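Given only the sequences and the hints, what does the whole structure look like? Please build it.
Protein chains: 2
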Amino acid sequence: MKKIGKQTYVLSNGVGIRCSHALVGEKEKQGPLGKYFKDFFTDDTFGQKTFEKAERHMLLTAIEDMLKRNNISISDLDVYIGGDILNQLVTSNYVAEQLQVPFIGAYSACSSVTESLALGSLLVDGGFCTKVLCSACSHFSAAERQYRYPLEFGNQRQAYSQWTVTGAGCSVLDKFATDMPKITKVCFGKVVDFGILDIANMGAAMAPAACDTLTAFLNDTKTAPADYDFIATGDLGKLGSDIFRELMSKNNYDIGNNYIDCGHMIFSSTQGCMQGGSGAGCSASVFSAYIYQKLKSKKFKKALLLATGALMSTTTNQQGDPIPAVSHLIMLEA
Amino acid sequence: MKKIGKQTYVLSNGVGIRCSHALVGEKEKQGPLGKYFKDFFTDDTFGQKTFEKAERHMLLTAIEDMLKRNNISISDLDVYIGGDILNQLVTSNYVAEQLQVPFIGAYSACSSVTESLALGSLLVDGGFCTKVLCSACSHFSAAERQYRYPLEFGNQRQAYSQWTVTGAGCSVLDKFATDMPKITKVCFGKVVDFGILDIANMGAAMAPAACDTLTAFLNDTKTAPADYDFIATGDLGKLGSDIFRELMSKNNYDIGNNYIDCGHMIFSSTQGCMQGGSGAGCSASVFSAYIYQKLKSKKFKKALLLATGALMSTTTNQQGDPIPAVSHLIMLEA
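Protein sequence lines correspond, in order, to chains A and B. The first sequence begins at 23 in the numbering used here and counts up by one. The second sequence begins at 23 in the numbering used here and counts up by one.
Watch out, some of these pointers could steer you wrong.
Just so you know, same-sequence chains aren't split out, so a pair can sit in one copy or run between any two.
[As the list claims (entries may be wrong)] Below, in silico cross-link-like pairs of lysine-lysine (DSSO-like), each with a Cα-Cα straight-line distance of 27 Å or less: (1) K153 to K25; (2) K25 to K197; (3) K51 to K28; (4) K71 to K324; (5) K24 to K272.
In case anyone wonders, no lab produced these hints; they're calculated from the structure. Just so it is clear, the structure is predicted and the values come from calculations on it, not from any experiment.
Encoded structure:
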C-alpha cells in the first residue's frame, strides 16, 4: 500500500525533480538569500502595464528560462500543475494558456507550491505522467492591493505583518530523473483555524496548520524531527515560526535547530518587512533557489518542506469569519 | 502505459463512483430537471446570515447527507478534492475544515467538478487512495455580487448571459465500488481563449475550451462522438453549445443527437435565465442528480462529461484581458 498511517503517501522509488528555478524581485535579491537568487529583476512592473501582468510575465519568464537551460521541450510536459494567490489563479491560468500544456489549477494559497509538487509526484509515481511542470508565484503589489489596501493609500504596517514576496518558483518532476533530488513522501494537510480574524496576522493563522500536518506526518512515519537534517515551513515569518515551535513542543516534539521558515529567512530585519516574507512565491522561490540546490549538492540529505497557506478571503473576513489555513508537506531526499 | 495520445489517461479497471448526491435551490427544482433533483431548499439564505455562509451550509449539508445515506464514515475518506467559484475557494475550504479530511483545493471555475473527479480517480487508480470525496458548488447571489454587480443594483441581464446555479454536487470515488458507474478515462484540458472580453458572455468564452478538449480526447482514443451514447458539456448554455457544435463540425466531428449541455438543460426558457445555467454547481448538480443516476440505471452506458470553466477575474477583465477558459473531461461507463 502506498498510504501509511492516516494521511501520508509513500512514493515507491521517489520521484526525481529534474530541475527547479526561481526568479525574484529586487528586494528579495537584497535579502539574506540574495546569493542563491541568481535570477532577479529590478523594475517591479517587469516592463508591463500592470502589476498583474508583471506577475504573469515573471512566471512565464521563470518557466521558459528553466525549460531552455535544461533542454526540456514544452511538448515533453504531460501536465502543468500550479497556483498563485490572485483571484481565479489568473497568473497561472494565463501562463498555462501561453504554454499550451494541459493545466490543473491548484489552490491552497501559499501552500500551492507543495500542493502542486505533491500532486505532481503522485501522478508520476502512479504511472500516469513522465514529466510534470509545477509552479507557484506571487507579486507584492498585485497581492497587496487585492487582499489589503490600495498601494497609493500608503498604510502603516503592523508589527506582526509580513511582506508578500515578489517571486516565482518552478520545477519539472521527471520519472527518469533518478539521480536528482527526489520527493519520497507527501502528506496533504487538513484545513484548520486558530480563530485569527486579522488578515495581517498570517503567521499566527498558519502556524497551527503546519503543526497539524507535521504532527500527522511524524505519527504516520514514526519518525522525529531529528531524523531530518532540514525542516522548512512555508511563510510563517518570525512570529509564526515561534508559535509553530511552541505548538510542536506542546505535541511533545522538539523541532530542534535544523528548522527554518522560508518567510523568516528571505528578508532581514532591516528590510522593513516586519515578520518576514509571505505569498505563494515565498516558499516556492526559497525551495527552488536554496533548498533544492542544497539537496542537489548533498548538503541536505533528508528534508521536509511544509508550505503554509492562509486561505483568507476579503469577503469572508469582512463577514467576521476566522482565517482558515492549510499546510501540505513534501519529504525530499538527496 | 496509462497515457494514450497527447493528453488522455486510461484507468486500468475504471474507478467506481460509490455514490453521488446533489442539493439545489428552488429555481433549479422548478426547472426541467426538477424531478431528478430530489433534494432542494426554498430559502436561498438557507437560514444563514450571508449568501456566502448559505453556500457553505448547502455544500456541507449535501456532503453530510450523502455520507449518512450511504453509510460512509468521514474517517474512511482518504482525501477531499473540491472547488467552487468564490475567491480563495472559501466555500470548499470552510467545509473541508468542518469535515477534517485532508483537503486538496482544485480550481478551474465551473470545470472544478471534472477536475476534482479526474484527479481523484487518478489517485485511486494509482494505488494511493481507497476513498476520495469530490465536490463542486455555486450560489447565484454569492457569485453574482462577486463577479458582476451588487444584487441591489438590479441590473438588466444581457440576452446572451447565463444564470449561476445555486447547487452543490458531491461524489465518493471508491476503489471497491466495482459494480457502480465508473470513470474509465480522463483528459485534462488546455487553457484557451476566444478573445471574449464580456464577462456576461461565458458560453462563447468556454465553447472553444470544450472543443479543444473533446477534439484532443477523440484523437487520443481514436473514437467518434457516435461511440458514446451521451455527451454533456458543462455550462455553455444554449448559445455556447451552438457555438460548440459549430466548432466541432469545423474539426470534422458531427456531435450528433446525444449531446446536451448541463447549463442549457437545467433551466427552461420561461425562467428568465437567458441562455441557461452556469456556475461550478451547474454541471456538478446535473452530474450527480441526472447523469450519474442514468448510468446507475444503465440508461446510459458510455458517457462523456466535459465541464467548462471561464477563468475570469474582475481585475484582469477591467484591465482589458480576454477571458481564458478550460474544460476537463471524464469518460464514464455504466
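Tested hints:
1. In this assembly of identical chains, the alpha carbons of K153 and K25 lie at most 27 Å apart whether taken from the same copy (23 Å) or from different copies (12 Å).
2. Proximity of K25 and K197 under a CA criterion of 27 Å is satisfied in both settings, with 20 Å inside one chain copy and 14 Å between copies.
3. Taking the shortest Cα distances, K51 and K28 never come within 27 Å of each other, neither inside one copy (40 Å) nor across copies (39 Å).
4. Taking the shortest Cα distances, K71 and K324 never come within 27 Å of each other, neither inside one copy (43 Å) nor across copies (48 Å).
5. In this assembly of identical chains, K24 and K272 lie within 27 Å of each other by CA distance neither inside one copy nor across copies; the values are 30 Å within and 45 Å between.
Of the numbered hints given earlier, the model fails hints 3, 4, 5; all others are met.
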